[in-house]
Every structure is written in C-alpha cells, then in structure tokens.
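Trainee: Sequence:
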Amino acid sequence: MATLTTDLKYGGAPEIVALPQTKLIEILHDRAASMFAKAKACQRLAVIGDGAAVEPLASLLTDAQLSHYARFGLEAIPGAQAAAVLEAALSKTSGPLLVGVTNSIGVRKDRNALGPLARLRSHPDAEVAKAAEAALARLRPPL
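Counting along the sequence shown from 1, when you hit position 99 you're at 99 in the numbering used here, and nothing is skipped either side.
Rather than coming from a laboratory, the hints here were simulated on the basis of the structure.
In this text, a Cβ means the ideal position worked out from N, Cα and C, and glycines have one as well.
None of the hints are false.
What follows is a set of in silico ranges between Cβ atoms, one per label pair, in the way DEER data are often shown:
1) S122 / P96: 16 to 26 Å
2) T62 / K130: 14 to 24 Å
3) S91 / A134: 14 to 24 Å
4) G51 / K109: 15 to 25 Å
5) G51 / L143: 26 to 36 Å
6) A52 / L114: 23 to 33 Å
7) P124 / G79: 29 to 39 Å
8) R138 / A64: 19 to 29 Å
Generate coordinates for the entire structure from the input sequences, incorporating the hints supplied.
Mentor: Structure representation (structure tokens):
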C-alpha cells in the first residue's frame, strides 16, 4: 500500500510546514485535504500553534486516523484552553483514543485532571487503567 507524501492542493511536507498558522488551520477544516496534509498541519501546529489552533485540533481528537497528530499539537500549546479540551476528551473517547488522550494529559502534567485520571485507574479497559496510572505518576511531585 502506497503512502501519500503530498497533497494535490497543499503540496509536500516542506510546503505545508512553511505555511502560517491560519493556513494550517484551514487545512484542518478542509474536507478535501488529504490525511497527510492534515497530519503535517497538526505536527507544525505543535511548533507554532497558539490558542487559535486549540479548537481545530480538538475537533480531531475523536478521529481514529488523526487523533494522535491532534494530541501531539495540543500537548505543545501552552495554556488552560489546550488542557481543558484534552480533559473534556476523556469523556468523548474510548479504547486506544482514550489511552492516547490520557497519555497527553500526563505529558502536559495537567494537575487539574487529577480527579478524572484517578477515576480512570479502575477503568475496565486495562490499557486505559495503565495509561491513567502512568499519567498520574508524571503528575506526582518529585521526591
């Protein structure tokens, strides 16, 4: 199976990563954009994104193909807005997507999510429970 490394409208990785945030967000909203273009846009938003990128990235958290890329973007955007959409995604995702969101909260060291993460330790999906435990370990203060 061939992997596309260009988008007919947006080009290849060099062209996409050279775009400003507003254009990267347009890619995320463009139904005709390829998965490749959307993935590259998410990756670049991890570097240059700010609060304006949070909601467009959040809209991809339930997408099985793009959730990982969206989380990568959100992990790097500072502020409460990105933390809040990840915490909200705990109740909107399941299985591997929930594991990923849980991991992202741990990466961000979001102490506001202590309660929801603690509840996930007893989740029936063992992978979710393990991810919650790992995220909580990242939030503990150093000894």
